[in-house]
Amino acid sequence: MPIKVLVAKPGLDGHDRGAKIVARALRDAGMEVVYTGLHQTPEMIVNAAIQEDVDVVGVSILSGAHMTIFPKIMTMLSEREVDDIAVVGGGVIQADDIPKLKAIGVREIFNAEASTQDLIDGIERIVAETGRDRTRREAASSR
Amino acid sequence: MQTIETTSSDEQRRWEQLTLLPFTERRPEAREVFRTQGGAALERVYTPTHIADVDFDRDIGFPGQFPYTRGPYPTMYRAQPWTMRQIAGFGTADDTNERFRFLIAQGQTGISTDFDMPTLMGYDSDDERSEGEVGREGVAIDSVDDMLDLYAGIDLEKISVSMTINPSAWILLAMYLVTADERGFDRKKLSGTIQNDIIKEYVAQKEWVYPPRPAMRLVRDSITYSAEHLPRYNPVNVSGYHSREAGSTAIQEVAFTLAAGIAYVEEVVKAGIDVDDFAPRLSFFFVSQIDFLEEVAKFRAARRVWARVMKERFGAKKPESMRLRFHCQTAGVSCTAREPLNNIARTAIEALAAVCGGAQSLHTNGYDEALSIPSEPAMKIALRTQQIIAEEVGIVGTIDPLAGSYALERLTTDIEKACFDYFAEIDKRGGTIKCIEDNFLQMELADAAYDLHKRKEAGERHVVTVTKYRDESANPHVELHHVDEAASGRQLARLAKTKATRDAAAVAKALDEVVRVAKTDENIMPATIAAVKVRATGGEIIKALRPVFGTYVETPVF
Amino acid sequence: MIGHRVHRDLARAISAVENGVTDFRGALAQFAAFGGPVRGARRADVIGITGPPGAGKSTLVDRLIEGFRSDGETVAVIAVDPSSPFTHGAVLGDRVRMQRHAGDAGVFIRSMASRSAGGGLAPATRDAVRLADEAGFDVVIVETVGVGQVELEVVAVADVIVVVTVPALGDGVQAIKAGLTEIADVFVVNMADRPGANASAVDLKHMVREGKREIPVLQTIAQDGTGVAELLAVLEAKRNGEDTNAVRAVRFEIVRRARDEAVRGALALLDTPDAAAVLDRLRDRELTRNDAIDALVLMLGGTVNAH
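Protein chains in written order, with our numbering: chain A, 1 to 143; chain B, 144 to 701; chain C, 702 to 1008.
FYI, nobody ran anything at the bench for these hints, they're computed from the structure. Glycine included, every Cβ here is placed at the ideal spot set by N, Cα and C. Hints are supplied without guarantee of correctness; some may be wrong.
What the hints assert, rightly or not - EDC-like mimics (lysine to aspartate or glutamate), calculated; alpha carbons at most 16 angstroms apart, straight line:
1. B/K454 with B/D420
2. A/K72 with B/E274
3. B/K454 with B/E300
4. B/K597 with A/E129
5. B/K413 with B/D664
6. B/K577 with B/E409
7. B/K597 with A/E43
8. B/K332 with B/E300
9. B/K676 with B/D655
10. B/K597 with A/D28
11. B/K577 with B/D420
12. B/K611 with A/E113
13. B/K599 with A/E113
14. B/K599 with A/D118
15. B/K454 with B/D417
16. B/K577 with C/D894
17. A/K72 with B/E271
Unchecked claim - Rough simulated footprint, nothing fancy, chain A against chain B, three-plus residues with beta-carbon under 8 angstroms:
18. 260 to 273
19. 426 to 437
Let the sequences and hints guide you as you build the complete structure.
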């Protein structure tokens, strides 16, 4: 049962090299990746996460606006009573801001140095932790 | 031992048997193949045999003479150094103006402006899409009122001003002209550049509003208007920097850039303008990456290819039409967040390559490039780096100093040949714009980026302090540019004031006129200039034209 | 209007069947328990959009959504893309082309990877379509990359099938010849501003004339909306029409099952009054497609499977 990940590009920033490489690498690791495209609002990202029922939302943000974007995403997920979709981030995010993001529920920030293997391992670990992994194990055993 | 199957001479083969082989049997080479950052395989050693197909008169020659391999001017830096042009832009116009003045006081010789994401994408500061991004990654410019403050106290007839702006470039050019008018400067003496290279946006930088074809019309109009009214202005800065930062090879950087140049020339020629009437003012923008030799070769190849294209494909007669002039920026993507002071060394090497390659204008990155927009101290060191090269290193005294190097000339010609191969492929597929609509260029770039990524992860290319010589305990604290969170509020107040004090009826009328002209084939510049003069904002103009031109959504390739 | 909660429950129900946690009936029960509406006789119209990669299907779907929404209809889209045969992963980018509807609660977009080695539609796709129907969407669009076998499976899912191609695709038109005139309800030549559009349309028209049914051949430029209004009008007619794909879908399913049991007489069975009566009731929407299949399979002497 493949892990399903949403790769999201919020805001006006068009630097998508990292996001696209991540998408390709996750596919090569056997995951299903839904790419939102550029210029997404927090609402578009949350709608996509819900409709696609992904395990993890990966937000790629290089513009420095992460302290505006992430809180909006987390608030909206909470308003829609979504508590089993993990949110992670990557891009250019100052080290000082990472604890603040974790405090609002962002599970992990992968900085530019993280290798794609780090990312894959991190996502697998997070999926196991949120319990969505359990659904898969049930499915596997019921077949 | 790797079999040698290249153009070796007998002497080389003898050397390989008698000198090299015994040595490598005792101590093998670290790798079978060494590659440049762009992916080209390097010879162990280059000899005259390797450049047997290079002809001095035809391919190298003299600076300021066809094919301009050695430089566009016969005197180059012996007359004056390249323009030292550090980019600046953050907060409101006042904030950035202060940074401009600081840089000029420190010896900068040209101005370069970086705009915030809303301005780049055609949104006013009060648009809901702009929230959180106003004045953050660049300066917020909504109207002429902002631009007047941006360039306040700067003699626009004496210093050249570059604006890094794309989908709304023609609007900001209009604002610049009105700014010059209201400050009493002669338009004919204005020198500067708007980047205005919309083609590379669809491929690499991803700043767009309208689809490619209407966007080309806007570029064409700014080129033809400029050709007629602004004799010292460069209305396009055809760019390769962004493709390279997005992961392309060095060859693709040049090939895609010059293919875009070809498309712009075709577009303007199609409108009935003679190539020699506008081509002299086309300018270019390349990166200087960390692979020194490849970069110098790349710059020289670019000049040679463009000269041949202009002469043979477009029949240009004026030398000025054939000589490629370029601005250069050291590679942002080569800078690390880890142990950032090392970026000073990286930047210095890249800057040296740009100078050896004959750049006309140069921005050197700050050591904090991977962390934030440049701080003042970082910019100062970056500027000093250029000044050191100009004053202390000595290579400014001789033009194209590395010419004749067997390795360099081989790499130069290889890049040249690969470019023409790409042009043939692009032509076969229907031209540059078609290749964008069909995602061909984007796919080539995506593949190159992924290939580079895999090579890095396989350990083929190292980054010091990141993949090698990593010091986990090192945590140097660098003072970063402090983002003034209050700037956004100040800009909103400025915008509100502009909107409150302008003649709303005149603005509405002017916008209608812009829309009317957009639907015809008339040049859109005069109507745009008239609109920004009555303080129509950039966002209002862009918005008014969306129904006319449509909006663009990419088909992503991975 | 379709509430946020329904989006969430529908998405989770689709995941449940996709991951094999439960079967369709189980998912439906779970879904109804959340207060999902139980549909009456009028069901969603299912439109299949298929064709070779690069034909602009997603852009066309984006325009169709626009059209349906302006008529006040809610739309669910199931966009299927192939999984990598090597890694079994997938990058699903179709929703990018439809993103202007991402804030509209009347639109639900779900990407699915085909997840099957044979390249056909996963059974979960059919279940996803039925779940979207149950959730209350007026129109369900299934978008697939169709080459060969996949189109045949779209028949089992859709009421109306649109086959999209682009001019001068060469091989593409050949691929289309391979049996698609049997299942297509509409042919669309997209990117009609490109050279060869008229020639492609003419080729297709000749091809469909050889068949027995009337299949319109349209030209569109999905990029700017040209020809989309005409396509919507044709779809409207087909949705309300008599000989819809649902009927053919039933025949197809029967033939497929019958083939397994090597009962060639099954074809003859369709000529009997009893079988014809079942098909009439299906056409008049008194029976669902799957109930019709069950009835006919029982006549064949077969057993009713989950489908």
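Hints, one by one, checked against the model:
1. Taking the CA atoms of B/K454 and B/D420, the gap is about 14 angstroms. The hint holds against a cut of 16 angstroms.
2. A distance of roughly 12 angstroms separates the Cα atoms of A/K72 and B/E274; the hinted pair therefore holds under the 16 angstroms criterion.
3. In summary, the hint linking B/K454 to B/E300 is not supported, as the alpha carbons are separated by about 32 angstroms, beyond the 16 angstroms threshold.
4. As the CA atoms of B/K597 and A/E129 are separated by approximately 29 angstroms, the hinted pair breaks the 16 angstroms bound.
5. Between B/K413 and B/D664 the alpha-carbon distance is near 12 angstroms, which keeps this suggested pair within the 16 angstroms criterion.
6. For the suggested pair B/K577 and B/E409, the alpha carbons sit about 14 angstroms apart, so the restraint of at most 16 angstroms is met.
7. At most 16 angstroms may separate the alpha-carbon atoms for a hinted pair to count; B/K597 and A/E43 exceed this at roughly 34 angstroms.
8. Taking the CA atoms of B/K332 and B/E300, the gap is about 5 angstroms. The hint holds against a cut of 16 angstroms.
9. As the CA atoms of B/K676 and B/D655 are separated by approximately 14 angstroms, the hinted pair is consistent with the 16 angstroms bound.
10. With a CA separation close to 12 angstroms, the supplied pair B/K597 and A/D28 stays within the 16 angstroms bound.
11. The straight-line distance between the Cα atoms of B/K577 and B/D420 is roughly 26 angstroms, outside the 16 angstroms bound, and the hint therefore fails.
12. The straight-line distance between the Cα atoms of B/K611 and A/E113 is roughly 12 angstroms, inside the 16 angstroms bound, and the hint therefore holds.
13. About 12 angstroms separates the Cα atoms of B/K599 and A/E113, which keeps this hinted pair within 16 angstroms; it holds.
14. With a C-alpha separation of about 15 angstroms, the suggested pair B/K599 and A/D118 falls inside the 16 angstroms cut-off, and the hint holds.
15. Between B/K454 and B/D417, the direct Cα distance comes to roughly 13 angstroms. Compliance with the 16 angstroms bound is thereby established for this hinted pair.
16. Of the pairs offered as hints, the one joining B/K577 and C/D894 holds, with about 12 angstroms between alpha carbons and a cut-off of 16 angstroms not exceeded.
17. Taken as a hint, the A/K72 and B/E271 pair is honoured in the structure, with Cα atoms around 14 angstroms apart against an allowance of 16 angstroms.
18. Look at the stretch 260 to 273 of chain B against chain A: 7 of its residues bring a Cβ nearer than 8 angstroms to a Cβ of that chain, three or more, so the hint holds.
19. Counting residues of the stretch 426 to 437 of chain B whose CB falls under 8 angstroms from any CB of chain A gives 0; the rule of at least 3 is not met.
When the structure is compared with the earlier hints, violations turn up for hints 3, 4, 7, 11, 19 and for no others.
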